[in-house]
Amino acid sequence: MNLAVKYRARNFNEIVGQEHIKKTIMASLKKNAPSHAFLFSGGRGTGKTSIARILAKAINCQNLKEGNPCNECKMCISANEGKLVDIIEIDAASHTSVDNVREIIEKTQFQPSVAKNKVHIIDEVHMLSKSAFNALLKTLEEPPSHAYFILATTERHKIPDTIQSRCQSFNFRNFQAKEIIGRLEEICDKESISAEPDALKMLAHEALGGMRDAIFLLEQYSGEGKLEASVLSHEMGLTPHTALEKLYQYIETCDALSAINHISSLASEGLSLSNFAKSFIYYLRDLLLIKIKENDTNAVNKLLKQIEAFRKAYLDLKNATIPTLPLELAVAYCIFEDSSTESAKEDKSWSIFTPTKKKEPEIIKKPDLVKQEAKEVKKPLEPKKKAVFNALELTLDNIHQNWPKIISKVTPSIRMILKSSSVKDLKNREIVIACSSKMYKNKLDNSRSQADLQKAFEDIFSLPVKINTVVETVSLEPVVDDDSRSLDGEELEKAVMEILGGKKK
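Residue numbers (my numbering): 1 to 505.
Treat the hints with care, since some could be wrong.
Calculated cross-link-like contacts (lysine-lysine; reagent style DSSO-like; alpha-carbon spacing at most 30 Å) [what the hints assert, rightly or not]:
#	residue 1	residue 2
1	K226	K305
2	K130	K466
3	K158	K441
4	K23	K178
5	K30	K6
6	K466	K178
7	K138	K107
8	K23	K6
9	K466	K291
10	K441	K455
11	K6	K409
12	K455	K409
13	K466	K419
14	K130	K178
15	K178	K138
16	K438	K318
17	K178	K116
18	K441	K424
19	K138	K419
20	K116	K74
21	K293	K405
22	K30	K107
23	K419	K438
24	K190	K158
25	K419	K405
26	K424	K466
27	K405	K455
28	K246	K178
29	K424	K409
30	K31	K138
31	K31	K65
32	K107	K178
33	K409	K438
34	K318	K246
Quick caveat, the hints were computed from the structure, so don't treat them as lab data.
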């Protein structure tokens, strides 16, 4: 038995994280009033199937304990062994047709064979065809009293709104690194695996928020009862945490030569520079969140520049002529940008990053000129004539050409996100924006951002539009919008806090 199956949670208390979901579901079970249709959405390995199985078991448990299945009654034991016929698990990827769904619906009408309720768990439900969703809709609207449905998906945006509106929906967040490390430490202790702390950190970051992937990696690389950072670095190309700390210290102490030599050393050891760049971005992000909590504006501004520098380096590594060059440029930018001369600061044409407009010198009037102007009779101001605006045709080419104008019309936080995003597609006034991270996608998906974006497009094209978002690796050219000044001070801090979901103190 593999470790992921062996240590799968058997009740809600054993589930790591997802507290908001567990609390709500357990409260409904205590009242004996669970919803007849649930929709679980989230990334891979975030606990959707585990909680679905525990919920199905609890719905049929004969002796619930504070909303938890007892794991002792006949129904629970049968469910744990995978033998309870009234809990039906279906993989929608291989049952996509309307006939498959009609068969499920027909069987749903019959009373349960053994348990008091019949529970259907449909995994990867977004794979169902449109006809299959339509067939399922009626049953979700008026399910038999003994029938429950738990739908799970990694792509919620593909689920029709009519289906979502009939379900109690829960969004599963990715696990934090410390949550994954804690769970791996528990398993290592029970399995007598000697694991280096640095090695566990490497697995946690490589899993990208997925608990199951982290446990699979632990099992794969601890065959001899030990897990070593050097082995993971050699066999998987993963980055030891100490290597990340060392590079950060070189940048902080402005030791550019040591930082570049450190990168060359990692490359010569066969370490994946792409993985190293990705890990370093995660390292900087963790520091950024700490500094935001501390309300340290200077540190936040510095970390934002560093993250942007290494984010661009990560994107450029794929096509780099010299393998280490993108990382070396990022190091040089982080160290020398702040200490450059005033003339170099004003002329950023050499920069590999988004340029900023030069500030016009402030004109200070001499006192005698001010007095002279005061004596002159002021002429009444003529009202400004409104410019005649001809709306553009809504096409993908016109959107791309006017992307800087659109960016200039939104709030600072949305502007920061759009400069790292691109318009991917246009169909029937639905604009698909590709975001470089899930955090950015979630920010653009909220109602306030949607309204802001829609107004910006309507100002240019004079047509109502719908905004949809996806997460993809985005390769971008620098964007110079109509308001291309760099954000700084309180405006920058406010924009960052809005994106990360915090509030400025």
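Okay, the hints, checked on the actual structure:
The suggested pairing of K226 with K305 is violated, with an alpha-carbon distance near 39 Å, which exceeds 30 Å. Between K130 and K466 the CA atoms are separated by roughly 21 Å; this keeps the pair inside 30 Å, and the hint holds. Restraint check: the Cα-Cα separation between K158 and K441 comes to about 15 Å, which is no more than 30 Å; the hinted pair holds. Pair hint K23 plus K178 holds up; C-alpha atoms about 21 Å apart against a cutoff of 30 Å.
With a C-alpha separation of about 28 Å, the suggested pair K30 and K6 falls inside the 30 Å cut-off, and the hint holds. A distance of roughly 38 Å separates the Cα atoms of K466 and K178; the hinted pair therefore is violated under the 30 Å criterion. Proposed proximity of K138 and K107 is supported: the alpha carbons are some 15 Å apart, at most 30 Å. At most 30 Å may separate the alpha-carbon atoms for a hinted pair to count; K23 and K6 meet this at roughly 25 Å.
Of the pairs offered as hints, the one joining K466 and K291 is violated, with about 36 Å between alpha carbons and a cut-off of 30 Å exceeded. In summary, the hint linking K441 to K455 is supported, as the alpha carbons are separated by about 18 Å, within the 30 Å threshold. Proximity of K6 to K409 is assessed by CA-CA distance (about 53 Å); at most 30 Å being required, the pair is judged violated. This hinted pair checks out: K455 and K409 have alpha carbons roughly 8 Å apart, not beyond 30 Å.
A distance of roughly 20 Å separates the Cα atoms of K466 and K419; the hinted pair therefore holds under the 30 Å criterion. Of the supplied pair hints, the one linking K130 and K178 is violated, its CA atoms being roughly 40 Å apart against a limit of 30 Å. About 43 Å separates the Cα atoms of K178 and K138, which puts this hinted pair outside 30 Å; it is violated. Pair hint K438 plus K318 holds up; C-alpha atoms about 21 Å apart against a cutoff of 30 Å.
For the hint pairing K178 with K116, the CA-to-CA distance comes to about 40 Å; that exceeds 30 Å, so the pair is violated. A C-alpha spacing of about 14 Å is found between K441 and K424, which places the hinted pair at or below 30 Å, so the restraint holds. As the CA atoms of K138 and K419 are separated by approximately 43 Å, the hinted pair breaks the 30 Å bound. This hinted pair checks out: K116 and K74 have alpha carbons roughly 12 Å apart, not beyond 30 Å.
Simply put, K293 and K405 have alpha-carbon atoms about 33 Å apart, too far for the 30 Å limit, and the pair is violated. Between the alpha carbons of K30 and K107 the distance comes to roughly 28 Å, so the proposed pair stays at or under 30 Å and holds. A threshold of 30 Å between alpha carbons decides the hint, and for K419 with K438 the separation of about 15 Å falls inside it, so the pair holds. At roughly 40 Å between alpha-carbon atoms, K190 and K158 are farther apart than 30 Å, so this suggested pair is violated.
Between K419 and K405 the CA atoms are separated by roughly 12 Å; this keeps the pair inside 30 Å, and the hint holds. For the suggested pair K424 and K466, the alpha carbons sit about 14 Å apart, so the restraint of at most 30 Å is met. Pair hint K405 plus K455 holds up; C-alpha atoms about 12 Å apart against a cutoff of 30 Å. With a C-alpha separation of about 21 Å, the suggested pair K246 and K178 falls inside the 30 Å cut-off, and the hint holds.
Taking the CA atoms of K424 and K409, the gap is about 20 Å. The hint holds against a cut of 30 Å. Distance check on the hinted pair: K31 and K138 sit about 26 Å apart at the alpha-carbon level, within 30 Å; holds. With a C-alpha separation of about 12 Å, the suggested pairing of K31 with K65 holds against the 30 Å cut-off. At roughly 44 Å between alpha-carbon atoms, K107 and K178 are farther apart than 30 Å, so this suggested pair is violated.
With a C-alpha separation of about 23 Å, the suggested pairing of K409 with K438 holds against the 30 Å cut-off. Of the supplied pair hints, the one linking K318 and K246 holds, its CA atoms being roughly 24 Å apart against a limit of 30 Å.
In summary, the numbered hints that this structure violates are 1, 6, 9, 11, 14, 15, 17, 19, 21, 24 and 32.
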